[in-house]
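Protein chains in written order, with my numbering: chain A, 2 to 111; chain B, 563 to 719.
Check before you lean on any hint, since a few could be wrong.
Said to hold, decoys possible - No more than 25 Å apart at the CA atoms, straight line, and that leaves these computed lysine-lysine pairs for DSS-like: (1) K658(B) <-> K98(A); (2) K662(B) <-> K634(B); (3) K662(B) <-> K69(A); (4) K641(B) <-> K630(B); (5) K658(B) <-> K630(B); (6) K634(B) <-> K701(B); (7) K641(B) <-> K701(B); (8) K98(A) <-> K701(B); (9) K701(B) <-> K630(B).
Stated by the list, open to error - Cβ-Cβ distance ranges computed for the label pairs, FRET-style: (10) R697(B) <-> L75(A): 26 to 34 Å; (11) V94(A) <-> L648(B): 26 to 34 Å; (12) L76(A) <-> G618(B): 20 to 28 Å.
Rather than coming from a laboratory, the hints here were simulated on the basis of the structure. All C-beta atoms, glycine included, are put in the ideal place defined by N, C-alpha and C.
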Amino acid sequence: MVAGAVDVLSWASLVGGGVFCVIGGVGLIRMPDFYTRTHAAGVTDTLGAGLLLLGLMLQAGLSLVTVKLVMLGLLIFFTSPTATHALARAAMVRGIKPLLRDGGQEPSKP
Amino acid sequence: MYALSSFLVLFGFWLLLSGYFTPFLVSMGAAAAIAVVALAHRMNVVDHEGHPVHLGWRVIGYWSWLGKEIAKSAWDVSKIIVNPRLPISPMLVRVKTTQKTTVGVVTYANSITLTPGTISVEVSNEEILVHALTRSSAKALLEGEMDRRVTHFEGAS
Chain A
2 MVAGAVDVLS
12 WASLVGGGVF
22 CVIGGVGLIR
32 MPDFYTRTHA
42 AGVTDTLGAG
52 LLLLGLMLQA
62 GLSLVTVKLV
72 MLGLLIFFTS
82 PTATHALARA
92 AMVRGIKPLL
102 RDGGQEPSKP
Chain B
563 MYALSSFLVL
573 FGFWLLLSGY
583 FTPFLVSMGA
593 AAAIAVVALA
603 HRMNVVDHEG
613 HPVHLGWRVI
623 GYWSWLGKEI
633 AKSAWDVSKI
643 IVNPRLPISP
653 MLVRVKTTQK
663 TTVGVVTYAN
673 SITLTPGTIS
683 VEVSNEEILV
693 HALTRSSAKA
703 LLEGEMDRRV
713 THFEGAS
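Using the sequences and the hints given, assemble the complete structure.
Okay, here's the thing in structure tokens:
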């Protein structure tokens, strides 16, 4: 009974994580410019990866595998914002102007 | 103090990743951990920035709050993405930082980037240039709750 409940929870978060990864990918295509695309990728990084890892942890139970999954989660937790910031800053330094306001219709100064 | 705790963390990391507990392999792991600490010491990175253990248990309170915020804003961004009209209003805002240490400012900037909908583009000691996906996400940031929480998390050290 308990095992069944854990299975249901775990599959719910696995499927949820997959859905958020797809949403992040769709956002990556739909967004109009570089900076807004990075926001969409953020959904995949955080909720997508997080829910997938959570689901896998529930599948693995209390074992070394779970500990390794926690470490993976921490790795993503620390590296993904650093990489995103590096990308955004590099784009800014190279002079890629972000589209601002009104659904990105009028480019104006920051 | 920092060297000792770095060693313990690295050795624990090695043990958990390997899963082998024979004396020979464990001593090799310990040797590897000592070597890494020695190299890091030569590079002058074993300090309060490279290995901020002094933050201690406050990390749990802050991370659980941050996790909740991340889930909320990821949900908001997902709704924007699947909305056919794509209701975004991107803007750049400057956010003041009240943290006293570099570790605090970095924590704040990373937290901003980690919550979907806001990205820290440029970081200095007094302020962070943030690209926000919508007006409301920028407004939420300017209210400064995250800033207060990071400053509290950073502590008086």
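Original post:
Do the alpha carbons of K634(B) and K701(B) lie within 25 Å of each other, as the hint requires?
Top reply: Measuring from Cα to Cα gives roughly 15 Å; hence the hint holds.
Original post:
Can the restraint linking K662(B) and K69(A) be considered satisfied, given a maximum Cα separation of 25 Å?
Top reply: Violated - the C-alpha atoms of K69(A) and K662(B) are around 34 Å apart, more than 25 Å.
Original post:
Has the given pair, K658(B) with K98(A), been kept, meaning a C-alpha gap of at most 25 Å?
Top reply: holds, 22 Å
Subject >> Pair hint K658(B) and K630(B), alpha-carbon separation not exceeding 25 Å >> reply: At roughly 23 Å apart (the allowed maximum being 25 Å), K630(B) and K658(B) satisfy the hint.
**OP:** Assess, step by step, whether the Cα of K662(B) is no farther than 25 Å from the Cα of K634(B), and give holds or violated.
**Re:** violated, 28 Å
Original post:
Does K630(B) lie within 25 Å of K641(B) when you go C-alpha to C-alpha?
Top reply: Holds: K641(B) and K630(B) sit about 17 Å apart, inside 25 Å.
Original post:
Do the alpha carbons of K641(B) and K701(B) lie within 25 Å of each other, as the hint requires?
Top reply: holds, 18 Å
**OP:** Take the C-alpha atoms of K701(B) and K630(B), compute the straight-line distance between them, and say whether it is at most 25 Å.
**Re:** Holds: K701(B) and K630(B) sit about 18 Å apart, inside 25 Å.
Original post:
L76(A) and G618(B), beta-carbon distance inside 20 to 28 Å?
Top reply: holds, 21 Å
Original post:
Taking 25 Å as the top limit, are the C-alpha atoms of K98(A) and K701(B) close enough?
Top reply: Distance ~22 Å between K98(A) and K701(B) Cα, so the pair holds.
Original post:
Does 26 to 34 Å hold as the CB distance between V94(A) and L648(B), or does it fail?
Top reply: holds, 28 Å
Subject >> C-beta pair R697(B), L75(A): status relative to the range 26 to 34 Å that was hinted >> reply: holds, 33 Å
When each numbered hint is compared with the structure, violations occur for hints 2 and 3.
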